[in-house]
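Peer 1: Residue numbers 51 to 461, in this note's numbering, belong to the letters of the sequence shown in order.
Treat each hint with caution, since some may be false.
What the hints assert, rightly or not - Using C-beta positions, here's what the derived DEER-type ranges look like: (1) Leu248 / Trp199: 17 to 23 Å; (2) Lys87 / Thr141: 31 to 37 Å; (3) Phe61 / Leu98: 44 to 50 Å; (4) Arg157 / Ser282: 45 to 51 Å.
As the list claims (entries may be wrong) - With a cut-off of at most 27 Å between alpha-carbon atoms, the simulated BS3-like pairs for lysine-lysine come out as follows: (5) Lys252 / Lys133; (6) Lys87 / Lys435; (7) Lys87 / Lys252.
Everything labelled a hint here was simulated from the structure, so no lab data went into it. Cβ coordinates follow ideal geometry from the N, Cα and C atoms, glycine included.
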Amino acid sequence: MKESVWSRRFFPVLLTYFIDTFGLAIVYPIFTPLFLKPQIHLLGAEDLFQRTFLLGLLIASFPLAQFFGAPLIGGISDRIGRKKVFIGTITGGIIGYLLTGVGIHLRDLTLLWFGRTITGFFAGNLTLCLAAIVDISHTQKERTRNFGWIGVLGGLGFVLAILIGGSFSNPDLNIFFRPEIPFFITGILSGINLLLILRFFKESKSKPHDKIEILKSLKNIGCAIRSKEMRSIYIVYFLFMLGWVTSMQFLSTYLIDIFNVSINVITLTFVSIGLIWSLANFIINPILSRLIHASRTFYFGLVFLSLFLFLTLIPHEPLFVFLIHFFIATFAAALSWTNGLATISLNASKLMQGSILGVNQSIVAMASIVGPIVGGLIAGLDIHKLFCFTASCSLLGALLLFIRSFGIKQT
51 MKESVWSRRF
61 FPVLLTYFID
71 TFGLAIVYPI
81 FTPLFLKPQI
91 HLLGAEDLFQ
101 RTFLLGLLIA
111 SFPLAQFFGA
121 PLIGGISDRI
131 GRKKVFIGTI
141 TGGIIGYLLT
151 GVGIHLRDLT
161 LLWFGRTITG
171 FFAGNLTLCL
181 AAIVDISHTQ
191 KERTRNFGWI
201 GVLGGLGFVL
211 AILIGGSFSN
221 PDLNIFFRPE
231 IPFFITGILS
241 GINLLLILRF
251 FKESKSKPHD
261 KIEILKSLKN
271 IGCAIRSKEM
281 RSIYIVYFLF
291 MLGWVTSMQF
301 LSTYLIDIFN
311 VSINVITLTF
321 VSIGLIWSLA
331 NFIINPILSR
341 LIHASRTFYF
351 GLVFLSLFLF
361 LTLIPHEPLF
371 VFLIHFFIAT
381 FAAALSWTNG
391 LATISLNASK
401 LMQGSILGVN
411 QSIVAMASIV
421 GPIVGGLIAG
431 LDIHKLFCFT
441 ASCSLLGALL
451 LFIRSFGIKQ
461 T
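Let's have the full structure, built from the sequences with the hints guiding it.
Peer 2: Shown next, in the form of structure tokens:
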């Protein structure tokens, strides 16, 4: 019975994280065709540069809002408790998804941007999900297991978001399918999640005297810059995330502009990426972690990521060759992501674990903001330069990590 009660409390938290990941990924097969396919008529007669730049700004609105929302949501939850804030963030997310869907239906770019910004702000409850899991985990073993479920749900959310987003936005599959439908579906899922939180989630810890810091993410960036011990590894991780986030967010743009692919091809491509990511993290990485130090895996991951992103630039290569190169790059990126986090954690004391991971989350958010804007500018000027930029980011990160790590005796 005790296990059943715990499961009912844990499941709504998992579902909240799943829907956050789902809402972040669902745009990949939808937004790029909206902006680049002229027959959809979301924009007027703007040229490619204007379209890709506006696409970049729209994509950046989600992580930008999340950048400021996450610390605010975390601070409020510490003060008044998790459940009330869960109710508020999920309700806000529902409003954001519905506004996004209505904006697409009305072809209203301002409403679309507003809806996406609201969704991003309230998707900052990732911190809240992690805090709630810590609250309901009584032992270190439980906490490790529960965070493992978070990883599984993240990968599953990505794959299902791509499948649902690509399928229900494609009128070629059914005359009733439209680009706005997946956002309405996500809103309905969020409504179910809200009911589960109201019914099953029991209030957890609160700290009434904690200070709420709206600009905590900016302070975290400042801490990363000032920390002599951690500065270089933070820079490496920022470069990695900047390159990979930009590659992912403009992959659809590249496929449409260079290969003129359909929405179905985009959907299958991103589903494959999600499956490769899960394979690398849940099968290959545990084996490597027993054989190689995390910093070395991070280094070689960056090297191979850079190499295969550069190989996507081969002139006149067929689509299947491009995809093979990108899928191998995805495998390298998955290992880099996991071992980059491990490298950061291993370079800090036990007492600093919470703070350094908080700083790292802010750095990832900053990369997710800068990437779409820079990527939109590059794609508008010359789409072929896009992967040259992202590969260079990974290569520079590998060089910095080599200078930092390989002159130091590994423990």
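Peer 1: For every hint, state whether the structure bears it out.
Peer 2: Structure-based check of all given hints:
1. Leu248 / Trp199: 17 to 23 Å: For Trp199 against Leu248, whose Cβ atoms are near 22 Å apart, the range 17 to 23 Å holds.
2. Lys87 / Thr141: 31 to 37 Å: holds (33 Å)
3. Phe61 / Leu98: 44 to 50 Å: holds (45 Å)
4. Arg157 / Ser282: 45 to 51 Å: holds (47 Å)
5. Lys252 / Lys133: holds (7 Å)
6. Lys87 / Lys435: Satisfied, since the Cα-Cα distance of roughly 21 Å is no more than 27 Å.
7. Lys87 / Lys252: Status violated; Cα separation ~47 Å.
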